[in-house]
Amino acid sequence: MANIIRIGSCLPRLRLERRAMAQAMGWLVPGAGAGRGTRTLAFWDEDSVTLAVAAAQEALGGDSADSLTFATTTPPFAEPQNAALIRAALRLPALCRTQDATGTPRATLLALQAALEGGEPALIAAADRPVAQAGSTAESRMGDGGAAVLTGPGAGLFAYLGGASLSAPFLHRTRASGAETALDWEERWQREAGYQAQVPPAIAAALDRAGVAAGAVDHLILPCPIPGTAAAIARLSGLTKATLAGDLAETTGDTGAAHPLLMLAAAMPRIAPGQIVVLAQFGQGATALVLKAGAGVVDHPGLPALDHGIPESNYLKLLAFQERLDWDRGLRGRFIVQEAQSTAYRNAEALLGFVARREAETGLIRFPPRLDLPGEDWPLADRGGTVATATADRLAHSRHPPNCYGLVDLRGGGRLMMDFTDPGAADLAPGDPVRFVFRVKDIDETSGYRRYFWKAVRDTGRGL
Amino acid sequence: MASGIMDKVAILSMGCSRFGERWDIGQEELMREAYAEALTRAGIEASAIGAAWYSSHYDDIGAGKSGVPMAMALGLPDIGVTRVENFCAGGTEAFRGAVFAVASGSVDIALAMGVEKLKDTGFAGLPTATRGTLAPMYLPTHTNPGNFAQLARAYEAVHGIARQDLKRAMAHTSMKSHANAVRNDKAHLRKPITIEQALQAPLVADPLGLFDCCPVSDGAACALVTTPEIARALGQAEPVLVKAVQIVASTGWEAQQQGWNGAYVHTTRQAAKAAYAEAGIADPRQISLTELHDCFSITELVTLEDLGLAEPGTGWRAMLDGRFDADGAQPCQIDGGLKCFGHPVGASGLRMLYEGWLQLTGQAGARQLGAPHSALTHNLGGAPAQNVCSVTILGL
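The listed protein sequences derive, respectively, from chains A and B. Its first residue numbered 1, the first sequence is counted upward by one per residue in UniProt numbering. Its first residue numbered 1, the second sequence is counted upward by one per residue in UniProt numbering.
Hints are computed from structural coordinates only; laboratory data are not their basis. This structure is a prediction, so every number in the text was calculated from the model and none was measured. Be aware that a few hints might be false.
[What the hints assert, rightly or not] Below, simulated SDA-like cross-link-like pairs (lysine to any residue); rule was C-alpha separation at most 25 Å, straight line:
(1) B/119 / A/335
(2) B/191 / B/328
(3) B/65 / A/332
(4) B/119 / A/328
(5) B/119 / A/334
[Said to hold, decoys possible] Chain B stretches covered by chain A per the calculated footprint, using a threshold of three residues with CB under 8 Å from any CB of chain A:
(6) 35 to 43
(7) 122 to 128
(8) 131 to 138
(9) 249 to 257
Using N, Cα and C, we set each Cβ at its ideal position, and we do this for glycine too.
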């Protein structure tokens, strides 16, 4: 048995206003933009892999793991294994058991249960950037986000007391391989024959294994986009005093595989040491995990990114960022990403792990490293730097013009021409501090192939 | 100890096609247009040419890589044709090859040709370039306006120049070149503009607006070089001599280490220093005219300083004062420069030499300067942080 050591999270900066979704699509689909508030919107270069990497960096906090599971319903690649890229970006040891867990957002808690019961230091990185039909209720309810958890034998945020998973061929949402959007079955059936019928038995079995009475549970964390359902499940499960964790519906929306962990992170300020938490998730069955808060919960920052979003009122950005709009890219936008895989692999440590080399003879730090020169690895991902030169280029192809880039002086030595990303990149000027984020570098329009690299964003000092 | 190239090679003749949007002809015809002029002016037969150098950057678009396209297009007499490519310095690179061949004594007469057929790419501006396999995996998707906009922002920051002052100096730079090109019937752009027009143009990459950027053009230019003795024997009493040819390529220092402040071009300073030493020039302000690589107005301002024609941080003011206008103390871009003569990448270095040769031999027609005795040409290929720079000096 292991414990939950650390939880990390990553929310895209943009928060798409549901009002804007309704204005854009309501004339065509009456329910467009359903709900209030906002949902998170991944920038064009954020996907489930990059969101998972950012969340996992926070969860690792400099520690390592023997295994890595990437949980998602929206993996960028059907092949290769996405977790292999995430491991390389995180610079976890090569002796690491990596796997993708997909098919249901519950993949996250299935992996977490296995990790907690396995005992080894394990990293579960969960993220989703879901796609739904334009104007659909699902599109409005969904959001983009990543979360990660590190488990291990040490004391941490939560001790694991027990858990249970049950499986059911309950196909409330179906999406064939290769299909972009899912088909959802009727909501009332989902709620009554699905959530309310399957989650309570899982909670009961988990509590039984944990030796905890239902009435002793202090918090229930259960993602459920159907209003009122989580409360009904608490009642049905006899969780008489449990506080329901906020579902973040009006800020992030349902972030799929990431959501139970994001809800847990957001609930942390209200969880006291010694309290009992049930973390549950639904999807072709249900999983429930019983946790006991440790002393470390008081130091957890919660989910501060909730308060640092940028309101977005242009619904078309969602379609453009999700590559669902056949917009006029011009000739410069029509380029093929013909990846030389042998080159990429030879330089994988540099490109995915963002590692330069400090050359032994001269002491110079150089990126990309010269593979034939002796020297020491010089990791850059956490260093950050200072903008030396900058431009906002309106001629270069960009999915969010202008294309912003410039020379960055790397903290500790060396310099690199880098992309600047996220809204506001055009405001970066020489002298500004930046930190580095792992993002999509290029996408091939015809094959869908994408390459990843590190980019610079303004360092606000908050790590956001 | 190398003795340098000074006075060992003469320009026998040069040729240049009309630059511009040459929808009428292809790369082969462009080469023949320039070549015919050079042969006619030289008064020699093609059989006298012993070797040739061929510069084209986007050659896969035009005629195909290798020396064969040029040998076929010109019907050269079964000689070696070396195809060279060195970004925007390619034309000068071809010239250097031909000059070295003559200086070595291998051949009596050598041909250097540069050509580009850019308007068949469909792009406004230079097309997206291939950068090998590794670079696209980490370098930003960039354009040259974006690269040189960084030079402008660093230049104003390092020297404390107000944005409106820099914009006006850049506008004057372009206005001056437009005015010069009106008198050049081979130029791509022959319409005068006002400073206000330039200032009001839409931004391409802040702070560079549309009139701060040179066009991309179709065009070809070529040189026939020989020994001074042969040139005289062929009737040239005072042939134009090559005083210096220097090319410097970035080592990666500027882009990979932190010593460079982004407000100048290191290779230009190095190439200029070497060229002045080779040509024995103590004060570059004595050079009669300059044709420098004004791919962007900011490049011209910074290059004037890097060449020693203005003190660092003062080039913008000297430009506003008119020092580099046609009637100024140091005329610059008298043929319109890249800005208005046009910029067929692989040909531009030879186009500059063409103007220098015309001026020194008194053949520049309506734009002829008084009695110039020397000319400097400068190419900058790539970006300010990583590039190839050439400096060539011609004299009588």
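Numbers of unmet hints, in rising order: Per hint list: single violation, 6.
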